[in-house]
Each structure stands twice: as C-alpha cells, then as structure tokens.
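*Asks:* Could you put the whole structure together from the sequences, leaning on the hints where they help?
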Amino acid sequence: MAQNGSEAGSLVAGMAGRYASALFELAREGGQVDAVAADLDTFDALLRESADLRRLVKSPVFTAEQQAAAIGAVVGKAGIKGLAANFIRLAAANRRLFALPDMIAVFRALVRESKGIVRAEVRVAEKPSDAVLTEIKAALREIAKAEIDVDLHVDPSLIGGLVVKMGSRMVDASLRTKLNGIRLAMREAR
Numbered sequence: 001m002a003q004n005g006s007e008a009g010s011l012v013a014g015m016a017g018r019y020a021s022a023l024f025e026l027a028r029e030g031g032q033v034d035a036v037a038a039d040l041d042t043f044d045a046l047l048r049e050s051a052d053l054r055r056l057v058k059s060p061v062f063t064a065e066q067q068a069a070a071i072g073a074v075v076g077k078a079g080i081k082g083l084a085a086n087f088i089r090l091a092a093a094n095r096r097l098f099a100l101p102d103m104i105a106v107f108r109a110l111v112r113e114s115k116g117i118v119r120a121e122v123r124v125a126e127k128p129s130d131a132v133l134t135e136i137k138a139a140l141r142e143i144a145k146a147e148i149d150v151d152l153h154v155d156p157s158l159i160g161g162l163v164v165k166m167g168s169r170m171v172d173a174s175l176r177t178k179l180n181g182i183r184l185a186m187r188e189a190r
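Under the numbering used here, the first residue of the sequence shown carries the number 1, and numbering increases by one thereafter.
Keep in mind that the hints were calculated from the coordinates and are not lab data.
One thing to keep in mind: the hints can contain errors.
[To be verified] Each computed DSS-like pair below joins lysine-lysine, with the alpha-carbon atoms no more than 25 angstroms apart:
#, residue 1, residue 2
1, K81, K58
2, K77, K127
3, K115, K77
4, K81, K137
5, K178, K127
6, K165, K115
7, K81, K115
*Replies:* Structure, rendered in structure tokens:
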C-alpha cells in the first residue's frame, strides 16, 4: 500500500505549509527536529484542552499585542522554549495564530516523511487491547514496507471491524459496511 506522492508534499502548499516548512528546515539544520516536535505537541495538547486558548488563537477580536502577551505567558508556563517558542510567538506577531493547528499538522507530516514513517488512520468500533493494536501495526508495517504512525479513533457506529486509511487508500472492513452491503443485496433480491 505505497503512497502516491508524499503526505507532506501535498500539505506544504499554502501559508501553513510555508511556515511549517521554514520551521522544519531551521529545526533540521539545528538538529532540533524532535525537540521542536515535542514542544509543538505540548502546545497542540494545550489547544485541545483549553477552550480559552482556542478562543484566543481563533478570534480576530484580540489585538496582535494581546495575543502575543497571552501566548508568551502560555508558552513560558508550558516550558516551551527555543525554536518552537519563537515560532509560536512569530505566528502571534504576524496574526497567524488561527493557522497554528494546521502548521503543527504539516510540521508533523514533514517529520514523519523525513523519518520514512507512514501515517495510518485507523478507526475501530472499540478500543483494541495492546496486543491487537500491535498486530494491526505489524500488518500495516508489512503492507506499507515502512514504519507506521497509527492515529487511532474509536467510532462505535462501525459496530465491529475497522477502517484503515493510509495515504490515498482506504480499506473498510467494518461490520457496519458489511451489514449495509447485505441489506442492499436483500433489497435487490426482492
């Protein structure tokens, strides 16, 4: 299941891609890719957890100065430093905080691509055991002939089975899809 084109290559177009690419190049030149990725993951987690921070990042009501001051405090308190802190502050100064989640996503894709890691989105009906997840990763690794970064989502509407998306390919082995297929076949048989 090889990818056609690169995940990062298709994302780099646009403003978020330009910012993320510039950050990635600086981090790579300084040997700080993993440290910057960890700091961006920390900030992204804060964004997901705090409605107030999301409002600050998305709202045009706040001035650049207000955003920069608030972001500076958040970055400092979270222990984010160096290149990642400067990057987040630059996004605030340039009124680009609203695009920061996209910039972080593109940066992650660039990191995965640089390490030869393929991202697989896996949706399951219920959280799998560690042993089952290990088997899924091993099977995907064998198919992709690369290391796999699994993005696991629990979706009870699948009823059972799983849906896997890697690159431009998708395999739907969910019980919901199979039941819908049976239902359709029975309707046509009438």
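*Asks:* Work down the list of hints and note, for each, if the structure agrees.
*Replies:* Structure-based check of each hint:
| no. | hint | result |
| --- | --- | --- |
| 1 | K81 <-> K58 | holds (22 angstroms) |
| 2 | K77 <-> K127 | violated (33 angstroms) |
| 3 | K115 <-> K77 | violated (30 angstroms) |
| 4 | K81 <-> K137 | violated (33 angstroms) |
| 5 | K178 <-> K127 | holds (20 angstroms) |
| 6 | K165 <-> K115 | holds (20 angstroms) |
| 7 | K81 <-> K115 | holds (23 angstroms) |
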